[in-house]
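Novice: All chains should be modelled from the sequences, with the hints used to inform the complete structure.
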Amino acid sequence: MTNRAWGKIGRPAGQGLMWVLTLLYVYPILLVLLSAVKSKSELAIHPFSWPKHWTFESFSKAIDTMHYFRSLLNTVGIAAVSVAGVVVMAAMAAYAISRRDNRFYRAMYLVFLAGMIIPFQMAMIPLYKVLQTLYLINTYPGVVFIYLGMLAPFSVFILSGFVKGVPKELEEAALVDGSGTYKTFFRIVLPLLKPAVTTVTVLNLFNVWNDFLMPMLYLSDSKKGTITVQLSAFQGMYNNDWSLIFAGVCLIVVPMLVIYLFAQRFIISGITAGAVKG
Amino acid sequence: MPGSRRKWRAELKWLTFLLPALFFYLGFYLVPTLSSTYYSLTDWDGITSKFIGLDNYKEMFHDRMILASFRNTILYTVGITVLQNGVGLLVALLLVRKFRGVNVMRTLLFMPNIFSTLLIGYVWGFILEPNIGVVNNVLDALGLDAWKMGWLSDPGTARWMIVFVTIWQCMGYSMVIYIAGLQGIPKDLYESGDLDGATGWRRFANITFPLVAPAFTINVVLCLIGDLQLFNQIFALTGGGPGYATESVATMIYRLGFGNGIRWGYGSALSVTLFACILILTSILVTFLRKREVEM
Numbered sequence: 003m004t005n006r007a008w009g010k011i012g013r014p015a016g017q018g019l020m021w022v023l024t025l026l027y028v029y030p031i032l033l034v035l036l037s038a039v040k041s042k043s044e045l046a047i048h049p050f051s052w053p054k055h056w057t058f059e060s061f062s063k064a065i066d067t068m069h070y071f072r073s074l075l076n077t078v079g080i081a082a083v084s085v086a087g088v089v090v091m092a093a094m095a096a097y098a099i100s101r102r103d104n105r106f107y108r109a110m111y112l113v114f115l116a117g118m119i120i121p122f123q124m125a126m127i128p129l130y131k132v133l134q135t136l137y138l139i140n141t142y143p144g145v146v147f148i149y150l151g152m153l154a155p156f157s158v159f160i161l162s163g164f165v166k167g168v169p170k171e172l173e174e175a176a177l178v179d180g181s182g183t184y185k186t187f188f189r190i191v192l193p194l195l196k197p198a199v200t201t202v203t204v205l206n207l208f209n210v211w212n213d214f215l216m217p218m219l220y221l222s223d224s225k226k227g228t229i230t231v232q233l234s235a236f237q238g239m240y241n242n243d244w245s246l247i248f249a250g251v252c253l254i255v256v257p258m259l260v261i262y263l264f265a266q267r268f269i270i271s272g273i274t275a276g277a278v279k280g
Numbered sequence: 003m004p005g006s007r008r009k010w011r012a013e014l015k016w017l018t019f020l021l022p023a024l025f026f027y028l029g030f031y032l033v034p035t036l037s038s039t040y041y042s043l044t045d046w047d048g049i050t051s052k053f054i055g056l057d058n059y060k061e062m063f064h065d066r067m068i069l070a071s072f073r074n075t076i077l078y079t080v081g082i083t084v085l086q087n088g089v090g091l092l093v094a095l096l097l098v099r100k101f102r103g104v105n106v107m108r109t110l111l112f113m114p115n116i117f118s119t120l121l122i123g124y125v126w127g128f129i130l131e132p133n134i135g136v137v138n139n140v141l142d143a144l145g146l147d148a149w150k151m152g153w154l155s156d157p158g159t160a161r162w163m164i165v166f167v168t169i170w171q172c173m174g175y176s177m178v179i180y181i182a183g184l185q186g187i188p189k190d191l192y193e194s195g196d197l198d199g200a201t202g203w204r205r206f207a208n209i210t211f212p213l214v215a216p217a218f219t220i221n222v223v224l225c226l227i228g229d230l231q232l233f234n235q236i237f238a239l240t241g242g243g244p245g246y247a248t249e250s251v252a253t254m255i256y257r258l259g260f261g262n263g264i265r266w267g268y269g270s271a272l273s274v275t276l277f278a279c280i281l282i283l284t285s286i287l288v289t290f291l292r293k294r295e296v297e298m
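In order, the protein sequence lines correspond to chains A and B.
For the first sequence, position 255 matches number 257 in this note's numbering, and the numbering has no gaps at all.
For the second sequence, position 47 matches number 49 in this note's numbering, and the numbering has no gaps at all.
Source of the hints: derived by calculation from the structure; they are not laboratory data.
All of these numbers come straight from a predicted model, not from anything done at the bench.
Warning: the hint list may mix true and false statements.
What the hints assert, rightly or not - Straight-line distance between alpha carbons at most 25 Å, and here's what the computed DSS-like set of lysine-lysine pairs gives:
#	chain 1	residue 1	chain 2	residue 2
1	B	Lys189	A	Lys170
2	A	Lys166	B	Lys52
3	A	Lys196	A	Lys170
4	B	Lys15	A	Lys170
5	A	Lys63	A	Lys42
6	A	Lys185	B	Lys9
7	A	Lys131	A	Lys42
8	A	Lys131	B	Lys15
Unchecked claim - Example chain A residues on the side facing chain B (calculated, C-beta under 8 Å, incomplete):
#	residue
9	Val28
10	Phe50
11	Ser51
12	Ser234
13	Met258
C-beta atoms are modelled at their ideal positions from N, C-alpha and C, and glycine is treated no differently.
Specialist: Structure (structure tokens):
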């Protein structure tokens, strides 16, 4: 087939195929939204039709059952402390690893990298024991400490790639001017890393927000539960109330969706930068 | 000597940059993980623990549930890795071009990656539900009654549904990496290819594919690492059932650790085995794909 012929048939066919595929991604989202605004009984009779009576009763019921505002606060708190903590500590570690290019730091880099292929299921059982021993089971610090450890490998990996791209001259000039190592890092290096820090922050935030296994196991006190864990409790209790489940799904997803639409550029650049260097 | 003392002090200062992250990573992740190796040699059940040597490992080879979970994990890993990369590369080839709606498409196709797998499991669970689910009702309307089935209750189909939903969720991630790889191919290579008459398939096989080899490597490796420890999708869609038919190694570890009849020693042995498999397979694959990148 010549190029021109390919353009005439292939290009529209390819674009058509993509529209069909896009539909496969739009439909589930539409289904969630439309089901959430139907009443339970309407959804049972007309699961696919456009909603006849728009009602937000499922939302208010979901807010009550999930203890939405309390669990939202729990989630935001855990996520804020863990993500801020891991990003600052990982940036510092990445700085040391990339600037002190000796055998010890290279070994430390590999130690961090090893964490990226460890399945969480392998840590699951021993971590329970660790938290129990330290009286941290069912506490916020327990969960935060695990996130600080668990998210470190990925964060160090991405950030050390970016630190290498920061010119050393700026730091050297600052050091000559009498600025200490810490001051140089926080005043000069960290601001220069802003795009990378944004990327790592957003990706870690998604991870913590969407995680349900870890808080389910180590934060079983329902008052302390995160929103995703609260929703997972629906499955057994309200088996057939899909309208309620989907209202809960909306309530969890919307904050992340807003962040995604704003920070998309940083997310994509982080993924591809990590991939190219890997 | 003041000089060497200053050097030591500088060295210590650098160490304080490394230590906070290292402390939490070692204390709350790596060391506990590695301690599984010791627990795997005991019959620890959460309360009492006795050293039993390699008995757990021996038992695994005769445990039908464990063997089934390994078989399933192989199916998931191979199925998802092959299909996700095939579809991801094809989609990237089509979406690397500029046309109306292309940015919206990229945004939408990547989007499921930012959602909790648990929630995606609920949505697809509803779509595939046998009575009120969309799929069966559409088949009904089309008069294809014979094709209607319990998509998540028939073991053979349920496994492929897990494969499908995982690809639906993660394909955008591979796509993004392939698009970046494709954008990195210099245009003049295609122009000189055009002069030589390299079009269509030959153009793809001789120019495009060799040049996205690094993207291919990273995508295949990421899939392999992720799919060997596939957990969330199974947990959300089938819970390992019916029976233990869709259980993966990772969900088996969960079942042994936190399901009925806690066997933490045995679960640790299984997790050590899983980790060894991931480590060995990843190393082999990375070496092989890197070598291939150079040859192409």
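Novice: All the hints need checking, so say for each whether the structure fits it.
Specialist: Against the structure, the hints come out as follows:
1. Lys189/B - Lys170/A: violated (34 Å)
2. Lys166/A - Lys52/B: violated (49 Å)
3. Lys196/A - Lys170/A: holds (16 Å)
4. Lys15/B - Lys170/A: Given pair Lys15/B, Lys170/A holds - Cα atoms ~18 Å apart, limit 25 Å.
5. Lys63/A - Lys42/A: The given pair, whose Cα atoms are some 11 Å apart, holds under the 25 Å limit.
6. Lys185/A - Lys9/B: Distance of about 19 Å is within 25 Å: holds.
7. Lys131/A - Lys42/A: At roughly 43 Å apart (the allowed maximum being 25 Å), Lys42/A and Lys131/A break the hint.
8. Lys131/A - Lys15/B: Cα-Cα ~33 Å, so violated.
9. Val28: holds (7 Å)
10. Phe50: Holds: closest Cβ of chain B sits about 6 Å from Phe50/A, inside 8 Å.
11. Ser51: violated (11 Å)
12. Ser234: holds (6 Å)
13. Met258: holds (6 Å)
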